[in-house]
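Peer 1: Protein sequence lines correspond, in order, to chains A, B, C and D. If you read the first sequence in this note's numbering, its first letter stands for residue 1, the second for the next number, and so on. If you read the second sequence in this note's numbering, its first letter stands for residue 1, the second for the next number, and so on. If you read the third sequence in this note's numbering, its first letter stands for residue 1, the second for the next number, and so on. If you read the fourth sequence in this note's numbering, its first letter stands for residue 1, the second for the next number, and so on.
None of these hints come from the bench; they were simulated from the model. Source: prediction; values computed, not measured. Take the hints with a grain of salt, since some may be wrong.
No copy is singled out in the list; a pair is fine if it fits within one copy or between any two copies.
Unchecked claim - Keeping only pairs whose Cα atoms sit at most 25 Å apart, straight-line, the calculated SDA-like set for lysine to any residue is: (1) 327 - 316; (2) 86 - 225; (3) 161 - 402; (4) 86 - 412; (5) 24 - 239; (6) 174 - 225; (7) 125 - 423; (8) 469 - 320; (9) 86 - 354; (10) 469 - 421; (11) 15 - 208; (12) 161 - 14; (13) 24 - 160; (14) 161 - 123; (15) 15 - 62; (16) 353 - 180; (17) 412 - 25; (18) 408 - 140; (19) 353 - 195; (20) 161 - 332; (21) 402 - 25.
Number of protein chains: 4
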Amino acid sequence: MKTAEEYVRSLKQLKLNVYFFGQKVENPADFPITKPSQNSVALTYALAHDPAYSDLMTATSHLTGDRINRFTHIPQSSEDLVKKVKMLRLLGQKTGACFQRCVGMDAMIALSSVTYETDQKSGSKYYARFNDFLKYVQREDLVCNGAMTDVKGDRGLRPSKQQDRDMYVRVVEKRNDGVVVRGAKAHQTGATNAHEIIVLPTLAMRDDEKDYAIAFSTPSDSPGVVHIIGRQPNDTRRLEGGEVDVGNAKYSVAGHEAIVVFDDVFVPWDRVYLCGESEFSGPLVERFASYHRQNYGGCKTGVGDVLIGAAATIAEYNGVQEASHVKEKLTEMVHLNETMYACGLACSHEGYKLPSGTYCVNPLLANSTKHNVTRFPFEMARLALDIAGGLVGTLPSERDLKSPEVGKYVEKYLKGLATVPTENRMRMIRLIENMAFGAGMVESLHGAGSPQAQRIMILRQAQLEAKKKLSKDLAGIKTDPS
Amino acid sequence: MKTAEEYVRSLKQLKLNVYFFGQKVENPADFPITKPSQNSVALTYALAHDPAYSDLMTATSHLTGDRINRFTHIPQSSEDLVKKVKMLRLLGQKTGACFQRCVGMDAMIALSSVTYETDQKSGSKYYARFNDFLKYVQREDLVCNGAMTDVKGDRGLRPSKQQDRDMYVRVVEKRNDGVVVRGAKAHQTGATNAHEIIVLPTLAMRDDEKDYAIAFSTPSDSPGVVHIIGRQPNDTRRLEGGEVDVGNAKYSVAGHEAIVVFDDVFVPWDRVYLCGESEFSGPLVERFASYHRQNYGGCKTGVGDVLIGAAATIAEYNGVQEASHVKEKLTEMVHLNETMYACGLACSHEGYKLPSGTYCVNPLLANSTKHNVTRFPFEMARLALDIAGGLVGTLPSERDLKSPEVGKYVEKYLKGLATVPTENRMRMIRLIENMAFGAGMVESLHGAGSPQAQRIMILRQAQLEAKKKLSKDLAGIKTDPS
Amino acid sequence: MKTAEEYVRSLKQLKLNVYFFGQKVENPADFPITKPSQNSVALTYALAHDPAYSDLMTATSHLTGDRINRFTHIPQSSEDLVKKVKMLRLLGQKTGACFQRCVGMDAMIALSSVTYETDQKSGSKYYARFNDFLKYVQREDLVCNGAMTDVKGDRGLRPSKQQDRDMYVRVVEKRNDGVVVRGAKAHQTGATNAHEIIVLPTLAMRDDEKDYAIAFSTPSDSPGVVHIIGRQPNDTRRLEGGEVDVGNAKYSVAGHEAIVVFDDVFVPWDRVYLCGESEFSGPLVERFASYHRQNYGGCKTGVGDVLIGAAATIAEYNGVQEASHVKEKLTEMVHLNETMYACGLACSHEGYKLPSGTYCVNPLLANSTKHNVTRFPFEMARLALDIAGGLVGTLPSERDLKSPEVGKYVEKYLKGLATVPTENRMRMIRLIENMAFGAGMVESLHGAGSPQAQRIMILRQAQLEAKKKLSKDLAGIKTDPS
Amino acid sequence: MKTAEEYVRSLKQLKLNVYFFGQKVENPADFPITKPSQNSVALTYALAHDPAYSDLMTATSHLTGDRINRFTHIPQSSEDLVKKVKMLRLLGQKTGACFQRCVGMDAMIALSSVTYETDQKSGSKYYARFNDFLKYVQREDLVCNGAMTDVKGDRGLRPSKQQDRDMYVRVVEKRNDGVVVRGAKAHQTGATNAHEIIVLPTLAMRDDEKDYAIAFSTPSDSPGVVHIIGRQPNDTRRLEGGEVDVGNAKYSVAGHEAIVVFDDVFVPWDRVYLCGESEFSGPLVERFASYHRQNYGGCKTGVGDVLIGAAATIAEYNGVQEASHVKEKLTEMVHLNETMYACGLACSHEGYKLPSGTYCVNPLLANSTKHNVTRFPFEMARLALDIAGGLVGTLPSERDLKSPEVGKYVEKYLKGLATVPTENRMRMIRLIENMAFGAGMVESLHGAGSPQAQRIMILRQAQLEAKKKLSKDLAGIKTDPS
């Protein structure tokens with residue numbers, strides 16, 4: 001397994017084509033806008049070497065028997081699924097941020113079973129190919145960017161009905177040695193911190209959409225791949241030179257996101273894991289989604305722990321930690337956070353074995369997990385802002401604190417508890433500001449699918465007919481309407 | 001293990017002292033007010049003999065190695081804890097009601113570890129005594145009434161400061177052969193369906209409250225024990241002779257509840273499990289509470305399945321099952337229900353072993369479980385009422401349907417879908433009415449402790465200091481206020 | 001204006017055809033099931049003679065200049081609309097119940113403008129006819145049953161497509177002297193306390209549904225009219241002879257509801273206010289709905305005041321009135337209640353004059369008023385149940401309290417504060433039980449239209465295009481998509 | 001009345017002492033960080049000259065009879081109070097932002113009655129003095145910064161118990177010609193757009209805190225006054241030169257906020273309106289708070305209209321405007337928004353006349369108004385983010401769109417509906433981002449007092465004893481506990 005330093009060094013060797021703010025990023029591995037997000041990924045390497053965390057952070061490869069980073073592991077038991085959630089909470093606690101490495105992990109986990117099932121049904125050879133790739137990823141301890149969400153254009157039209165047919169990634173040419181793909185994937189978390197990109201379809205494709213039923217992997221610096229890093233609230237504070245105003249200077253409070261453009265990218269066949277078998281695009285999407293929704297019961301509760309801690313700290317700094325309404329609000333935050341965690345754990349403990357041997361989460365519970373995450377973090381943020389007070393929206397800058405002219409005023413008048421340095425209070429307020437108004441909130445809502453995506457899955461798995469039967473039995477209804 | 005028939009027969013042999021509506025109940029085992037609740041308990045026996053459910057409904061005694069009903073089993077693993085929750089959901093689905101047998105189960109589970117720990121510290125002999133009792137319960141396959149909640153009088157005063165010192169059950173005399181106890185326990189679920197009563201203290205007693213630190217068991221027909229059965233919404237509909245208006249004629253929609261008075265009841269020493277060791281009353285209360293809060297993620301989600309099924313059925317009967325807003329409401333009900341279930345599962349899977357070998361649920365997650373149950377079933381009921389329509393509050397009686405004069409009008413005008421008999425529609429509306437406005441709602445709120453009881457436990461276990469540390473690390477705060 | 005006594009006497013003169021529980025009610029004016037609801041209506045008469053309330057309870061007829069009961073008044077100003085809401089809150093406070101007289105009032109108010117507009121467009125003579133009827137109602141100070149909701153059958157089908165074409169009230173014969181109508185109206189609040197029935201269509205009828213576009217009035221004891229009184233939770237407690245268990249013995253906690261069957265009822269032309277002009281059925285429905293939704297910001301906040309008072313009282317009786325979480329819950333109840341009231345007031349103050357001179361509420365705000373009432377009373381009930389404690393579901397009966405055998409136990413062990421009689425505590429718990437689990441909750445949800453009905457109206461009046469324009473202006477978007 | 005241009009010119013004549021980001025702002029009236037907020041204030045001038053809005057935007061001075069800007073008017077009727085709310089909604093719609101001028105308005109309105117009452121009781125001459133100032137403000141059409149919130153230090157200690165006694169603004173010297181004040185006011189909305197500062201105490205002072213019972217006005221460029229402008233999310237995007245990424249380039253999405261330091265500022269007696277009469281500090285605070293809480297039912301619903309419009313527009317741009325779940329979400333946003341508005345209207349319509357002739361809002365309803373604003377805008381923001389999709393957190397910058405290298409990709413792949421320019425879609429997403437994550441959210445929570453401040457007032461005015469009486473009457477309780 002790589003160390004954090006080796007990981008960072010490996011990034012420097014990539015020849016990524018990256019843009020931000022209209023300009024090419026010359027040295028992506030040292031770019032201050034994305035550096036904090038890189039620090040988060042690096043922690044997934046560092047903790048794997050820390051004996052205190054190795055049980056959660058590492059696993060034994062079912063392919064090679066080697067000790068590997070859990071982010072490259074395919075779950076072989078419910079216990080593996082549970083450890084995945086616990087690992088994510090741990091990292092959420094340590095970074096207060098998104099550490100980005102789980103999307104690629106979930107793409108691999110989904111492929112590990114769906115390629116197997118595709119082969120069983122279609123006589124294809126995807127499973128072996130994928131396992132070769134997986135061994136490579138495990139051996140080199142790579143970060144993969146899981147690329148699913150197409151840009152989609154007009155949401156009212158199917159992929160093949162769009163005016164511009166490239167609104168979903170598709171095969172534009174099939175060659176003897178591979179395929180050429182075109183399109184773009186949006187919301188690619190941590191894209192420039194990844195070595196490889198794993199592309200999956202974004203929805204269940206139909207028979208007449210075979211060109212869109214494509215899954216593959218490609219190095220993130222392949223020719224034709226362009227990364228355009230998106231903006232986030234307060235992103236440029238990272239360029240200001242200070243650290244207070246960033247709130248969480250080391251890790252920022254979110255990963256970075258990019259649109260990844262595939263401008264006629266060539267992919268050799270041994271990196272193609274689905275190509276035209278449209279009936280397997282649906283299972284691939286749903287399975288990936290379930291694994292990814294599971295995660296939110298881990299990472300976001302770790303982040304929630306930080307927010308709860310920040311709210312409790314600022315209450316202390318303000319001198320109100322014993323006020324009953326403050327304690328009620330902290331209790332509510334804890335309750336909401338633990339409810340999300342409980343859901344993440346439950347869908348994992350209730351995992352089941354797929355034909356390939358991979359373990360799958362309980363999909364109904366996984367969808368409920370994520371659905372709670374589209375709600376509770378918003379209420380938690382509101383409660384944290386409530387406890388923190390109005391300064392979250394009015395606090396002067398770090399430079400004001402350090403200004404020869406007005407620093408004395410800031411120092412004097414922004415003091416809370418007399419024993420606490422003003423700077424500490426400012427740091428805590430800034431942490432809360434950046435968490436409550438950060439890109440992580442959008443991620444809670446839309447990551448792993450928007451709320452409605454979960455609702456559709458929840459209803460589909462609700463077994464309403466069985467439930468109707470229960471109610472009819474108890475109501476004494478024997479004859480059903482035909 | 002007893003059959004359901006043997007269970008009912010055994011009840012008839014008890015000489016219970018029972019009152020309802022101001023009158024002595026001559027034949028409690030055949031009393032129509034409590035019969036449906038007895039049917040629910042009987043199902044815990046019947047299903048244990050059904051091969052389809054034996055994995056959930058039965059267990060192997062850790063004391064004797066015999067196959068026993070799981071309701072008399074002490075969990076020896078996390079898997080046991082999980083099966084407890086799943087068994088409860090199953091029974092909730094089958095009865096749509098409270099089946100009452102879990103309170104006594106949880107009292108036994110709590111005693112199984114606390115008596116052990118008390119002995120370790122105090123040199124007492126409670127553990128062996130309790131195991132003797134437990135073997136008896138397992139062998140005879142008994143129902144135990146778990147009696148915890150004292151009547152409490154003025155909640156602003158401690159037990160020993162009440163004007164009437166009997167507001168908490170206490171020892172009024174210690175004799176060579178046992179103790180004499182006085183007081184009353186409120187909210188005793190399923191009291192007249194039980195063979196034995198297990199009494200626990202209701203709160204952590206202090207050093208000067210040793211007389212209140214008492215735990216024991218006694219047959220439910222012991223001299224001096226008086227049961228006064230409480231009223232429930234629509235209770236007397238069970239006496240009307242029909243079945244439609246009761247909604248759930250076989251099981252009703254709740255167990256029954258009684259105040260159990262101990263009018264100087266003698267308890268021999270071999271049935272006393274705590275007597276004066278006040279420091280162990282707290283652990284006993286908290287442990288019992290955690291196990292009991294765990295349950296609500298099982299039983300109430302089973303009941304929730306019935307309510308969801310009823311809402312889906314009435315939507316079908318009304319011809320609106322495809323309306324998008326109806327589907328959204330059903331989805332929301334499912335989501336809330338599964339969230340409660342996930343919590344119940346998670347606190348069980350995350351169980352841990354106590355010194356006695358008994359497994360304990362994760363208390364933080366168990367409290368969050370129950371806390372959600374104080375909220376979600378109310379929103380689910382509101383949604384079910386919404387879907388069901390105004391007839392829930394205005395539907396004529398079963399007798400009107402069958403009336404020679406107006407039956408034709410009821411039949412004609414209360415028809416929904418032309419293919420569905422009016423009576424079926426009425427049955428389903430009545431089921432929803434009785435569930436939404438039943439005593440089970442109060443149970444969701446106050447069973448296993450009122451909302452504030454959970455909030456206190458949640459905050460106490462929130463590890464706020466550790467969370468503050470996480471936030472300070474990320475905010476870059478090194479120096480803490482002293 | 002009639003006195004309360006005169007009103008009750010007038011009811012006795014009606015020859016109503018009433019059924020309850022499968023039997024004909026011989027003397028509807030003295031029937032214990034409906035007597036409490038009659039008491040509520042009687043209070044609308046009594047308070048009109050009380051100088052303290054005459055400003056709210058009475059008005060000056062715009063037709064005759066006479067002093068009349070406000071329940072027969074057509075609002076001639078925004079002030080009249082506001083007084084309507086305040087009168088309803090007053091009565092809600094005094095009865096804790098539904099006083100039933102507003103449905104007929106709103107039917108009259110709606111007819112007062114729509115008949116005018118129909119005449120203007122169609123050359124009909126409905127307005128004068130209606131005013132004759134109105135003068136009669138005002139002079140005799142009558143109660144009118146406003147009958148709108150058809151039984152509807154299969155909600156997926158239009159009236160004329162139902163298998164049974166009588167699922168919506170319709171004209172089955174037109175004669176020289178009048179029309180013959182058939183069908184049934186459901187959820188008729190206070191039906192047997194009314195002198196007259198005013199029938200309106202239940203939805204906007206289409207051109208091919210002219211037979212269903214019918215509005216008329218008829219005495220409630222007209223030949224062919226049959227009342228079947230529906231059941232309510234705990235209805236038969238009123239027959240038990242005591243008063244504690246009813247909770248609110250004088251007024252009960254809801255009005256009564258009936259299905260009113262029109263079994264070929266003849267209506268003379270001078271009592272017909274719409275007959276075939278289908279394009280005016282929509283306005284009639286919407287206008288009635290808006291007035292009726294306005295009301296809920298009055299009556300239900302009055303009822304809410306009682307519930308808040310009951311929760312505060314039981315907290316005091318239990319000795320926890322100073323607990324911070326109890327105060328928070330009471331505060332929340334007050335806040336929710338005042339929000340509903342504010343909405344009711346706002347839609348009234350913002351009323352506007354219709355062509356006939358009648359004032360109309362602001363329909364968007366009126367719909368938001370009612371929509372909040374489909375939510376907040378449920379949360380208020382949950383909070384009241386929370387504060388009240390588990391006894392709401394387990395309290396013994398009044399007869400137990402008075403029993404020679406067990407009365408002493410009930411008296412002793414159900415005492416809260418030592419200074420408060422146990423009976424008082426029981427009364428307060430019963431009031432809360434009956435309010436939280438009463439038919440009034442269904443009314444909050446479905447009265448004046450189910451939640452979705454308001455949502456449709458809210459969206460329709462949201463002026464989304466204007467709001468889109470605001471956002472485009474601010475976003476700097478000049479060119480719109482065509 | 002000044003024109004917008006005259007207003008801006010008048011600002012340029014001020015010699016304000018302003019700091020931002022650690023540096024002195026040389027030309028505050030042309031500072032790009034605060035320019036958008038200045039544009040918002042300027043609109044309060046411009047619209048007053050627009051005949052379409054003059055009814056709302058202007059009023060007649062009760063002192064001089066002149067036509068004045070309503071922002072300088074003292075309400076003389078309930079209608080005035082209502083117009084205040086409607087004016088604020090209008091401006092919220094036009095700016096999508098905070099226009100800052102209401103704080104000073106409310107300070108003046110509060111002083112107009114409390115100075116009168118102080119004089120009546122204390123024989124002071126504050127009322128005349130204040131009216132002189134008011135005439136000056138009306139004549140010159142000035143913007144006043146209402147300065148209330150002290151920095152407070154340790155919230156657990158009273159003003160005089162703070163380690164640094166300057167944590168609340170206080171009189172440090174009384175001279176023949178006036179007073180010298182020291183301290184700082186936090187969260188001063190629009191401070192550098194104001195001509196005058198009106199200072200009020202922040203809480204009810206006690207007898208031993210007379211030095212803190214001080215109210216006065218002073219020009220905003222008085223010697224010793226220092227403005228330190230606080231940071232807001234995304235503030236520096238205003239310096240980037242583009243306009244798309246700012247979301248609302250003209251007005252930004254919030255006003256600016258500053259800490260205003262009073263470093264021994266001299267105030268002549270004729271500008272002092274309270275000095276030591278501590279018993280009137282409470283009424284001054286509560287009255288100001290009520291007026292200011294009223295406002296939020298206006299301004300924030302105007303802003304809400306913009307957000308609803310933006311959500312509806314982006315739904316259209318994405319091609320999902322007809323999806324039922326999208327329509328449900330828009331409906332919910334409208335409902336919540338109108339509920340806030342209804343509360344604002346109701347507390348105004350229900351205004352009452354104070355001894356001075358000033359009209360006061362209904363304080364209970366005003367507090368409920370604001371309390372809803374601490375909740376609903378957060379849910380509205382969540383819904384808008386839900387509808388808008390994940391791009392809110394991942395959208396590339398305006399510069400990317402315009403980049404010669406990657407502009408083509410952004411243009412192509414971020415297109416929604418084929419007919420809508422990509423830039424329009426980006427503009428709308430940016431508007432939503434900046435609204436949902438803007439300082440305006442903090443303002444919704446903490447402006448005019450934090451949630452708990454309203455809860456205290458709501459409970460205080462709840463008339464619980466009267467409500468208890470209602471419930472006891474209905475429960476049939478005659479004898480009260482003594």
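Peer 1: With identical chains treated as interchangeable, where does the CA-CA distance between residue 15 and residue 208 reach 25 Å or less: within a copy, between copies, both, or neither?
Peer 2: neither (37 Å within a copy, 71 Å between copies)
Peer 1: Which holds for residue 412 with residue 25 at a C-alpha limit of 25 Å: within a copy, between copies, both or neither?
Peer 2: between (41 Å within a copy, 21 Å between copies)
Peer 1: Using 25 Å as the alpha-carbon threshold, which applies to residue 24 and residue 160: within, between, both, or neither?
Peer 2: Classified as neither; 32 Å inside a copy, 58 Å across copies.
Peer 1: What label fits residue 161 with residue 14 when the C-alpha limit is 25 Å: within, between, both, or neither?
Peer 2: neither (37 Å within a copy, 61 Å between copies)
Peer 1: Reference check for the pair residue 402 and residue 25, CA-CA at most 25 Å: within, between, both, or neither?
Peer 2: between (31 Å within a copy, 16 Å between copies)
Peer 1: Measure nothing new, just compare the shortest in-copy and cross-copy C-alpha distances for residue 86 and residue 412 to 25 Å and report within, between, both or neither.
Peer 2: So residue 86 and residue 412 fail the 25 Å test inside a copy (43 Å) and across (40 Å) alike.
Peer 1: Is it within, between, both, or neither for residue 86 and residue 354, if the alpha carbons may be no more than 25 Å apart?
Peer 2: both (22 Å within a copy, 22 Å between copies)
Peer 1: Taking 25 Å as the upper bound on the Cα-Cα distance, should residue 327 and residue 316 be classified as within, between, both, or neither?
Peer 2: Intra 11 Å, inter 23 Å, cutoff 25 Å: intra and inter.
Peer 1: I want to check one pair: residue 86 and residue 225. Are their C-alpha atoms no more than 25 Å apart within a copy, between two copies, both, or neither?
Peer 2: neither (34 Å within a copy, 50 Å between copies)
Peer 1: My question is about residue 161 and residue 123: at a cut-off of 25 Å on alpha-carbon distance, are they close within one copy, between copies, both, or neither?
Peer 2: For residue 161 and residue 123, the Cα distance exceeds 25 Å both inside one copy (30 Å) and across copies (53 Å).
Peer 1: Can you tell me if residue 15 and residue 62 fall within 25 Å by alpha carbon in one copy, between copies, both or neither?
Peer 2: Answer is neither; intra-copy 32 Å and inter-copy 63 Å both fail.
Peer 1: Using 25 Å as the alpha-carbon threshold, which applies to residue 353 and residue 195: within, between, both, or neither?
Peer 2: neither (30 Å within a copy, 43 Å between copies)
When each numbered hint is compared with the structure, violations occur for hints 2, 3, 4, 7, 11, 12, 13, 14, 15, 16, 18, 19 and 20.
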